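Sequence order for the protein chains is F and L. Okay, so the first sequence: first residue is 1 according to the numbering used here, each after it adds one. Okay, so the second sequence: first residue is 1 according to the numbering used here, each after it adds one.
Keep in mind that the hints were calculated from the coordinates and are not lab data. Heads up, a few of these hints could be off.
Cut-off 25 Å, straight-line C-alpha distance, at most; resulting in silico cross-link-like pairs (PhoX-like, lysine-lysine) [stated by the list, open to error]:
no. : chain 1 : residue 1 : chain 2 : residue 2
1   : L       : K221      : L       : K208
2   : F       : K208      : F       : K221
3   : F       : K377      : F       : K470
4   : F       : K13       : L       : K13
5   : L       : K203      : F       : K203
6   : F       : K13       : F       : K40
With beta-carbon atoms standing in for the labels, derived distance ranges [to be verified]:
no. : chain 1 : residue 1 : chain 2 : residue 2 : range
7   : L       : R14       : F       : E340      : 34 to 42 Å
8   : F       : R68       : L       : E384      : 39 to 47 Å
9   : L       : A47       : F       : V337      : 15 to 23 Å
10  : F       : A426      : L       : R14       : 51 to 59 Å
11  : F       : K221      : L       : E433      : 57 to 65 Å
12  : L       : E31       : F       : R437      : 57 to 65 Å
Residues from chain L shown here face chain F by an in silico Cβ test under 7 Å; the list is partial [as the list claims (entries may be wrong)]:
no. : residue
13  : I7
14  : S224
15  : P308
16  : V369
Only a predicted model underlies this, so the values are computations on that prediction, with no experimental measurement involved. Here a beta-carbon is modelled for each residue, glycine too, at the ideal position from N, C-alpha and C.
2 protein chains.
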Amino acid sequence: MNEAGDIPVEEFKRAATRAIDWIAHYFTHPEEYPVLARVKPGEVKAALAADAPRTGEPIDAVLDDYERIVVPGITHWNHPCFFAYFSITGSAPGILGELLSAALNVNSMLWQTSPAATELEELALDWLRQLLGLPEGFEGVIMDTASVSTLCAIAAARHALSDLEIRERGMSGRDDLPLLRLYTSEQAHSSVEKAALVLGIGKAGVRKIPTDAEFRMDASKLESAIAEDRAAGHRPFCVTATVGTTSTTSIDPVPEIAEICEREGIWLHVDAAYAGSAAIIPEYRHVLDGCEAATSIVVNPHKWLFTPIDCSAFYTTRPDVLTGAFSLVPEYLRTSVDGEIRNYMDWGVSLGRRFRALKLWMVLRCFGVDGIAGRLKAHIRLAEQFAGWVDEHPEFERLAPTPLSVVCFRARPQHLEPEGGKPNDAALNEFNEALLRRINAGGEVYLSHTSLDGRYALRLAIGNVRTTEKHVARAWEVIQQESTAAQR
Amino acid sequence: MNEAGDIPVEEFKRAATRAIDWIAHYFTHPEEYPVLARVKPGEVKAALAADAPRTGEPIDAVLDDYERIVVPGITHWNHPCFFAYFSITGSAPGILGELLSAALNVNSMLWQTSPAATELEELALDWLRQLLGLPEGFEGVIMDTASVSTLCAIAAARHALSDLEIRERGMSGRDDLPLLRLYTSEQAHSSVEKAALVLGIGKAGVRKIPTDAEFRMDASKLESAIAEDRAAGHRPFCVTATVGTTSTTSIDPVPEIAEICEREGIWLHVDAAYAGSAAIIPEYRHVLDGCEAATSIVVNPHKWLFTPIDCSAFYTTRPDVLTGAFSLVPEYLRTSVDGEIRNYMDWGVSLGRRFRALKLWMVLRCFGVDGIAGRLKAHIRLAEQFAGWVDEHPEFERLAPTPLSVVCFRARPQHLEPEGGKPNDAALNEFNEALLRRINAGGEVYLSHTSLDGRYALRLAIGNVRTTEKHVARAWEVIQQESTAAQR
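Extracted from the complex, chain F is given alone in its bound form (with noise of 0.2 Å):
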């Protein structure tokens, strides 16, 4: 290492040539690590130095531990057999825009600071826009993750309120502020109750709609709490709907919740960051029917369009009101072409933004419409195959539909069935909470859970581009095998 300047390219060739061989092993091999990390916790940490070197180690050295102690610690996402949470696919297209995006190392703040950054930025997500089949009165801008879009688009709603001049004269020391209510769903994602937390809004500025069976907005309780709260003197000002929920992947019912909130005036947010790609199957458009009469609406592609963390594709037909929340140009931040261009600092809360439209480009040209649409149809196709196994099964049973590729089932073993009458849900629990550690435990397979109206819930959920059929099919295996065992 040199005493000044970056390392020797020579060296940095040669360490990256050995870390794409070890990424092609590993892409080739997942196979070889347990799912679920089986590190204890404090293990990884107390293997690594404790202090930083005085003197520049050889790269080579830091790869060794990265083999030897981090990949061990690691809960692989891109294991095939990856089903938790919502299973991503990091693909190489969207890994070679990551290289790149950090050897450039631009901050696509202003136009300025790197006009391909943010014409690239306009553009992806412009053909993002048209192969969900929304209107071209949306506008588009990257944030990290779908927590800080649906921040921002309920910070846009309340700044809507113009009467109220919030961004001028705050929400505190006043009396003349009526209580702003915010309306999602039972089944929103915590990120929407997080955004209000952070905005002002409270907890009790939020109202959560209740859901019908198969865990929907009821759009008629919806409005009933919108009329409810005029009456009684508080301010509705925006409606979160989700399309695909994180529990069941269930779908608000947005046309009708739609035109709820034209009719009152409300601004209507969309949180479909997982199911949103979707639409780009021309069997799935209907996914975000309604959406076009949407304020805003967040898709995330590192959820299920195989870009790596992070990258989340916010729209809004109001970029005007979004500005207008955000927007505070300091001398040192203006440049002679601020009226011609956009300059994205002004669409959020970061000021400093990474390149992430270039990975989201790599990954929508090398795939192609047609090659994103046959992989998330494949992903269904598997979903609903699990689903046919669960249902056959007389020991199984699914607690929600499976309208995409997530599915919510539990095990009722045989022991547990009531003589006639309700199932025993808190035995059940209690079984399925242990199957499910029996089940990450092996290694071989992780699954998730959630709680649907009282009921633990397992939850596999697809959408990594290795996994296949074979490993669906193991996975069924391994629950089976690991029930059967947990009733000994």
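Let chain F serve as the given structure and place chain L on it in line with the hints.
Okay, now just chain L, sitting in the frame of chain F:
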């Protein structure tokens, strides 16, 4: 391209090798490119396909377009003559960290979803804490940017006002909330005010304390502002001090400010995004004097610590309050080890989290503490040298002290000198603004600007590991030549 799966691994290896070769050439020949992109608004977008392809394209075709269209539209932050904003470095070890992190594609929201990612984050941040000389009570988390770190700090400061119950009750629809006041200096970064807008503090809740002749917060004015606000029934709750302001890298008197905050029971957040790294140099440890008494502090390794964007290190002595403000744990995010480990999703806004610790750890190991300190010292020396040239030249003047690696100055050409009396700032501003445009249009160097006490200032920032005396000398030549030419 296959109908299923990722792109074939051999194609990935070939493309990755091409990308690595391109990066190696780029890093050894950054001067082949103009620093500031020369494209016109819309030019990059117009050169690229307006629609996503139906079928996947070979990755080589995408890399061709990358080299042919994207790169010429890039403003080169890697160029040794990039002197704008804060000059940064995405060093080779950091790039390799990003590459591996993209390949692993883990979401470090929970310890269980990748123990090594969480523990490496704890470890790398603890290394950095030690290097910065912060006491053990500071616990860290990596955010994307200082904007978000500062937002989280102020959100935590608001949550610390436990009697106001803002998390539960929100800030609207109540008449018992005093005006919440946040204090920062007139020279603070715009992200402080942006955070206040997001949090519902509003512009009215931000009190900008005047600065002294050297652009540092006037602590006595802070003290009297707080007293005045208390007397008016307002509720002071947070002070954001800056170590290394964006315009001039001035350093607020943190020891005095900390004393005031301590006495008043107010959360002290320190924005040391750029300058904090200087504390790694033993002789510059003093830049963080007083910060041991802060409640939170942010230092950005992606600014002056050779780590690719984005990586913002946020520390607080009150992680309990931080997680109290943000934590929301729905059933689907519970794990069996929750009591024993740290789940970083509870430490901020975003649920999804990239494995950013890997690159930071690799940078710290490959450069070593002495290697880092040596490079930072070299940057400071170069800035001092440049400041000396400015000071010696009869037609230039510095407009601020140069405590670190940024020089603020302007041209004062003979023909604009008044016959005795005050300089003609309006004419000088116009001249210097035009001068900056000329300098940047040349393509050899890129500087940015600010405004100081109504004076248009050119800013020369040093922070790239490839920048040497040769580059700074060339910048000085270009500046003088253009100033002379502008007078013709």
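The hints, checked one at a time:
Under the criterion of a C-alpha separation no larger than 25 Å, the hint pairing K221 of chain L with K208 of chain L is consistent with the structure, at around 10 Å. A hinted pair counts as satisfied when its Cα atoms are at most 25 Å apart, and K208 of chain F with K221 of chain F qualifies at roughly 10 Å. Between K377 of chain F and K470 of chain F the CA atoms are separated by roughly 17 Å; this keeps the pair inside 25 Å, and the hint holds. The straight-line distance between the Cα atoms of K13 of chain F and K13 of chain L is roughly 14 Å, inside the 25 Å bound, and the hint therefore holds.
For the given pair, K203 of chain L sits about 24 Å from K203 of chain F by alpha-carbon distance, which is consistent with the 25 Å threshold. Taken as a hint, the K13 of chain F and K40 of chain F pair is broken in the structure, with Cα atoms around 35 Å apart against an allowance of 25 Å. Taken as a hint, the range 34 to 42 Å holds for the pair R14 of chain L and E340 of chain F, whose Cβ atoms sit roughly 40 Å apart. The supplied range of 39 to 47 Å is met by R68 of chain F and E384 of chain L, whose beta-carbon atoms lie about 44 Å from each other.
Separation of A47 of chain L from V337 of chain F is about 18 Å and conforms to the stated range, judged on CB atoms against 15 to 23 Å. The hint said 51 to 59 Å for the Cβ distance between A426 of chain F and R14 of chain L, and at roughly 57 Å that hint holds. The hinted range of 57 to 65 Å is satisfied by K221 of chain F and E433 of chain L, whose Cβ atoms lie roughly 59 Å apart. The hint said 57 to 65 Å for the Cβ distance between E31 of chain L and R437 of chain F, and at roughly 58 Å that hint holds.
A cut of 7 Å between beta carbons decides the hint on I7 of chain L: the least distance to chain F is about 5 Å, and the hint holds. For S224 of chain L, the shortest C-beta to C-beta distance to chain F is roughly 20 Å, which exceeds 7 Å, and the interface hint is violated. Because the beta carbon of P308 of chain L sits about 4 Å from the nearest beta carbon in chain F, less than 7 Å, this interface hint is met. The beta carbon of V369 of chain L comes within 5 Å of a beta carbon in chain F, closer than 7 Å, and the hint placing it at the interface holds.
Violated hints, listed in ascending order, are 6 and 14; each of the other numbered hints is respected by the structure.
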